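What follows is the residue order along each chain.
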Amino acid sequence: MISTEHLSKWYGQVSGLNDVTVKVPPGITGLLGPNGAGKSTFMKLVTGQLKPSKGTIEILGEPIWGNPALYHRIGFCPEQDAFYERMTGLGWVTALVALNGLEPAEAEAAARRALEAVDLLDAAEKKIGAYSKGMRQRVKMAQALAHEPDVLILDEPLSGMDPLMRRRTIRLIREWGRSGKSVLVSSHILHEIESMTSNILLINNGRILAEGNVHQIRELIDTHPHSVFIRAEDPKALARALLVEDGVISMRFEPGAVSVETARPDAFYARLTEMAASGEAGVIDEVTSPDDNLQAVFKYLVKQ
Amino acid sequence: MASLFQYRWFQILLLVSFGPFVVRAVQFYFASTNAQVAEFLAATPDTFREFLSQQGLFVFLVVIMQSGLIADDRRTNALQLYLSKPLTRVEYVLGKLVPPLAFVLGVTLVPALVLLILQIVFAGSVTFLRANLFLLPAITLYSLIQALLSACAILALSSLSKSRRFVAVMYAGIVFFTAAMYQVLRAITGSRKWAVISPGEMLDVIANGIFRSRVEPAVPVYVAIVVVLVIVGVALVILERRIRAVEVVA
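Chains as they are written, first to last, in the numbering used here: chain D, 1 to 304; chain B, 1001 to 1250.
Next up, chain B with everything else stripped away, as it sits in the complex:
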């Protein structure tokens, strides 16, 4: 993690990722000081749900930068040395999960919670929070689901190759290709049920459920949860098979 912070472009990315946060904070400020503005820009649960959706781009970027987490260890044969130390495979994987989880939560959970605090500070009351008490667990839960899904996916892909570039291309391919395929199949068949092939769409369905959105979901929320669990499960199986000190080529 520390090595990533050494890169200026990564520092810039983290700064830029707080752009939407600043915009929302300004929105909350004006909504609290100007009654006319408040009619259009007052905070609602959907504001926080939209904010987290907007952060999706930054989630994608910080996750794709973790593509070398395991690939680099495999390329440099470092795995055999790590696993000859008193370090179990589970500890290794948990250790590798920390950077993507931390960065994703850093661009989702942290700014969303700070926004909630700013809303209270600017409004000078906890009326909004009291009326929408579910927002605290909702922001936390959705951010955790998003972070876990992204982290498991990038780690599993990273364990499949020795090239971090190839892993990054695979991850981007899966994210964009599944989204595009969904749109194509939806256009051809007219059914939104094809959303199950797109992890991004499934996260949207879960977000709508958690944030009590009135938007009609493409599939029931439980289906989206099952899809996410299946992806995480497949990622863990891949990691279990690929994290070996000795690569066996039979």
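Next up, chain D with everything else stripped away, as it sits in the complex:
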């Protein structure tokens, strides 16, 4: 699906990606690395938004740089928000889909299908300014898949979603993978990536450190305490419910949120999703995980 040969990208004196030679197979591939590792640079090179400083990159067997015809076959969901807040979700996705050369009626139909796929059809006529963080993520994903691309590039797609939506989105990404689409999804949280695929590219300091099925890395990550930031309707009730869970090391209250440190992230995320589904500890609005978790492991790995 994606192949690079000695791919490098420099921003002036700063290296964004350094001599990367890798072949990403069809199916779902996770790009895992801490903040500043080069994930976004790699994705922007893959989507043809950046010109390689050195080396080559091919998508579906063709060079991507300066090849807009190939962009028809790629769907890109950026990490940053990229909205006109006054537009409705439907209007925004339709406008972007139309850039793929679809007629207005076709574009709107495709936008509706995509919004339905990400469970956002009910809010399609609402202005994006009124969307929650999770809805914004989903509308970005909708514009990426609306033109039914062969390759989906998703930059931190789960960031800021609530646990239920996270689970639904993970399921959606798996379905895309099963339907024959190729998906490259970046994250700084291994547990997220692992729930979608076992095929992982580990990136740090602009270099691919490991690729394939990295179980050993996973075990190593599990030995490090993992912190999770949860924004909830009733943080105290949530904290009470979480306190009895195994592996919870510490908790810190913040305005409208609670920060939890856990030694068993898998079990913790599973329990959090159950709580969100049952509503036993009130509404959970947002779950984020700071990337210092992974950063610590990478520092350890590099020292090794």
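The hints are simulated quantities; they were obtained by calculation from the structure and are not laboratory data. Mixed in with the good hints, there may be bad ones.
Computed list of lysine to any residue pairs in SDA-like fashion (alpha-carbon distance at most 20 Å, straight line) [to be verified]:
# : chain 1 : residue 1 : chain 2 : residue 2
1 : D       : K126      : B       : V1237
2 : D       : K51       : B       : E1091
3 : D       : K127      : D       : D81
4 : D       : K126      : D       : A109
5 : D       : K51       : B       : S1003
All values derive from a computational prediction rather than experimental measurement.
Since the structure of chain D is already known, use the hints to place chain B on it.
Frame of chain D; chain B shown alone:
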């Protein structure tokens, strides 16, 4: 473009921009029906040149309202999404040029050509047009030069900032500051050659040349053309450097 039409103030501006057109149309009507009035108000090539100059204020206003064309895309990070679609940077820039070009031509070329038609209709003959056949290409050429210069300038400025207000202030600053500087330098040195620093003055020189005006130009017409080409060139270079999907801060 459609979103601008939704604003009442923009509709009012477009209506008001046709005020000078109505005045000229009335002038042509009375000149064609009253011989005494015709002595003072009969249409001449200068009438059309003056009309286009008067529209300068409306050109300024419709152009300044385009200040968010690229700035808004940069503020909302929309550029990276647009350029991840099958859309080249050239297509993006050409698309962005359409609104300012259309609005400027809408307040210059369109009313000027309609005025020319009205003159023929009111006079009941094509004598004036036949005698001044150059007016058709002159109106078209001058309007296009003015539209291209304004559109390129506002787009280049819009690509430099994420704030449409700042872009509007920059554009107004350049228009008024260069005109004021020219007047100051002209007063100090007594030379009209300083007109080269003012894009507005350069457009006037070009207009006088195209409309065969007898007014002594501040600088030769070719100098004014070179200045306009340099401004358009600089604007295109800025656009080439600024229209990137990824903003690189090295």
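Cross-check of the supplied hints:
{"no.": "1", "hint": "D/K126 with B/V1237", "result": "violated (39 Å)"}
{"no.": "2", "hint": "D/K51 with B/E1091", "result": "holds (18 Å)"}
{"no.": "3", "hint": "D/K127 with D/D81", "result": "holds (14 Å)"}
{"no.": "4", "hint": "D/K126 with D/A109", "result": "holds (17 Å)"}
{"no.": "5", "hint": "D/K51 with B/S1003", "result": "violated (34 Å)"}
Hint check: violations occur at hints 1, 5; the rest are consistent with the structure.
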